[in-house]
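Student: Chains A and B, in that order, give the protein sequences.
Those letters in the first sequence? Residues 1 to 135, by the working numbering.
Those letters in the second sequence? Residues 1 to 337, by the working numbering.
The hints are simulated quantities; they were obtained by calculation from the structure and are not laboratory data.
Among the hints, a few may not be true.
[Stated by the list, open to error] Simulated pairs of lysine to aspartate or glutamate, EDC-like, Cα-Cα distance not exceeding 20 Å:
#	chain 1	residue 1	chain 2	residue 2
1	A	K18	B	E247
2	A	K2	B	E119
3	A	K18	B	E119
4	A	K18	B	E149
5	A	K77	B	E119
6	A	K36	B	E8
7	B	K118	A	D50
8	A	K36	A	D51
9	B	K118	A	D9
10	B	K301	A	D51
11	B	K51	A	D9
12	A	K15	B	E247
13	B	K233	A	D50
14	B	K233	A	D51
15	A	K2	B	E88
16	B	K233	A	D9
17	A	K115	B	E149
18	A	K15	A	E39
19	B	K118	A	D46
20	B	K233	A	D46
21	B	K301	A	D9
22	B	K301	A	D50
23	A	K15	B	E119
24	A	K107	A	E67
25	A	K2	B	D287
26	A	K15	B	E8
27	A	K3	B	E119
28	A	K36	B	E247
29	B	K118	A	E39
30	B	K51	A	D51
31	A	K3	B	D280
32	A	K115	B	E158
Here the structure is a predicted model, which is why all the values come from computation and not from measurement.
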Amino acid sequence: MKKDEVPQDLGSLGKITKEVCYVTDEQGNYTTELSKGWEVKTNALDVTWDDIEYKVAAAKEKVLKLEASPLLFFLEKNVMNIGILSSYTGFFKWQIKRHLKPQVFEKLSINKLNKYAKVFNVTVDELKTMEVHDQ
Amino acid sequence: MINNFQHEQAAHCESGVTRNLLKSIGVNQITEPLAFGMGSGLFFAYLPFIKINNGPAIAFRNMPGIIFKRTCNSLGIKVTRKKFSSKEEAQKLLDEKLGEGYAVGCQVGVYYLPYFPKEYRFHFNAHNLVVFGKKDGKYVISDPIMEHETYMTPYELERVRFAKGALAPKGQLYFAEQKHTITNETIKQAIRKGVKRNVFDMLTIPGPFAGVKGIAFTGRKIKKWRDKLGLHKAGLYLAQVVRMQEEIGTGGGGFRYIYGAFLQEANAYFHKDELMRLSDEFTRAGDLWRNAAVQASGIYKGRLGSQEDFNLMGDYLLEISEIEKQAFKDLSKINWQ
Numbered sequence: 001m002k003k004d005e006v007p008q009d010l011g012s013l014g015k016i017t018k019e020v021c022y023v024t025d026e027q028g029n030y031t032t033e034l035s036k037g038w039e040v041k042t043n044a045l046d047v048t049w050d051d052i053e054y055k056v057a058a059a060k061e062k063v064l065k066l067e068a069s070p071l072l073f074f075l076e077k078n079v080m081n082i083g084i085l086s087s088y089t090g091f092f093k094w095q096i097k098r099h100l101k102p103q104v105f106e107k108l109s110i111n112k113l114n115k116y117a118k119v120f121n122v123t124v125d126e127l128k129t130m131e132v133h134d135q
Numbered sequence: 001m002i003n004n005f006q007h008e009q010a011a012h013c014e015s016g017v018t019r020n021l022l023k024s025i026g027v028n029q030i031t032e033p034l035a036f037g038m039g040s041g042l043f044f045a046y047l048p049f050i051k052i053n054n055g056p057a058i059a060f061r062n063m064p065g066i067i068f069k070r071t072c073n074s075l076g077i078k079v080t081r082k083k084f085s086s087k088e089e090a091q092k093l094l095d096e097k098l099g100e101g102y103a104v105g106c107q108v109g110v111y112y113l114p115y116f117p118k119e120y121r122f123h124f125n126a127h128n129l130v131v132f133g134k135k136d137g138k139y140v141i142s143d144p145i146m147e148h149e150t151y152m153t154p155y156e157l158e159r160v161r162f163a164k165g166a167l168a169p170k171g172q173l174y175f176a177e178q179k180h181t182i183t184n185e186t187i188k189q190a191i192r193k194g195v196k197r198n199v200f201d202m203l204t205i206p207g208p209f210a211g212v213k214g215i216a217f218t219g220r221k222i223k224k225w226r227d228k229l230g231l232h233k234a235g236l237y238l239a240q241v242v243r244m245q246e247e248i249g250t251g252g253g254g255f256r257y258i259y260g261a262f263l264q265e266a267n268a269y270f271h272k273d274e275l276m277r278l279s280d281e282f283t284r285a286g287d288l289w290r291n292a293a294v295q296a297s298g299i300y301k302g303r304l305g306s307q308e309d310f311n312l313m314g315d316y317l318l319e320i321s322e323i324e325k326q327a328f329k330d331l332s333k334i335n336w337q
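Work out the full structure, taking the sequences as your base and the hints as a guide.
Tutor: Set out below in structure tokens:
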């Protein structure tokens, strides 16, 4: 990539920091140039987040239909999978799979709910109601 | 504050951390591209049976931690690296080493990094930064992808050092011991060693998924994604490839440009025209990777979507595979004397 061809399409990162790109100058020698972002990768990030938001909305729907416990909603919202949640909470994967059932979730002890709430950075009330204000 | 540490921005986190840590112990010759090349950072692997964030697991660089280790080893610099099971111990040793005047590298997860934009927060645990002081109860952080130094509270730092999931950092910290001056001869040795290892990684590593073979393998797979996954999911897969290739920390073109810069800098030590020519080849490969990214974006934006479009996308990778194969073959034949 040539120095004067470095894209400067402001992306979400560009608002916080520019990034270093390795580029060639007129003589073909390598140098660096700062970039505010590139539309191609901003789009890649956008479609990825669209997909995550779609999954969050689908999860919420399932919880409201009592097909899953609110854990599913927070799992998707935090871009986690059961494996990651298991290592953050210390619960086994099979336990989390059980807790994903609304009937089981309802009977969880306050201790266990607290563990989940802490990892998801919400209160136990918010955990139960899915009503969270975006951080 | 450690006076001899200077925050300096870099393209790639680990190569940048390596350069900045080496500078803090008085080794000033190692630039970011040299660190990347000596550490044999360039790579490609596609693991079709593993999923990351529901997408393909693709890497354009080597295992995290290996660049710092190899570069320091090649230069004869002693490295200390430690993982922890206890958070208290992890902070204690960090504080101790800061007190002794060391700048300390840490492997961290980016999900809870307070200064990262929300859009960049994924459970990615192979990020690297340097802690080089404490001010008003906060740690002073040099994150190589940031233009300026930043700060984290002890709790924030603990949270990213003990991020969970794949490649969990387990509080991992590392630093370079003080060292005598580095001669040009040592640097030349380190460059040769780095190139040799990289040739092996890209040309002769066994299995179909890694190295230049892996690039061609991925190209052939991509052509089948449209039928196999459907247009929507195939688009998401391609978006993930582009993110791995172009996102912060790559220097653009899936690290191929940094490698081109490395070969040019190697030429300053060896004066071989062949190195300049091969640098151009990696620039060409990087440009093609970026063209492929533009093609991919056409697909995930919904502007393109025919099988023809996927074929073209796959063909880019087949072409890149050939260019990089030839370039590494030529690199293996260089007469370094």
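Student: Mind listing which of the numbered hints don't hold for this structure, in increasing order?
Tutor: Failing hints, ascending: 2, 8, 11, 15, 16, 17, 27.
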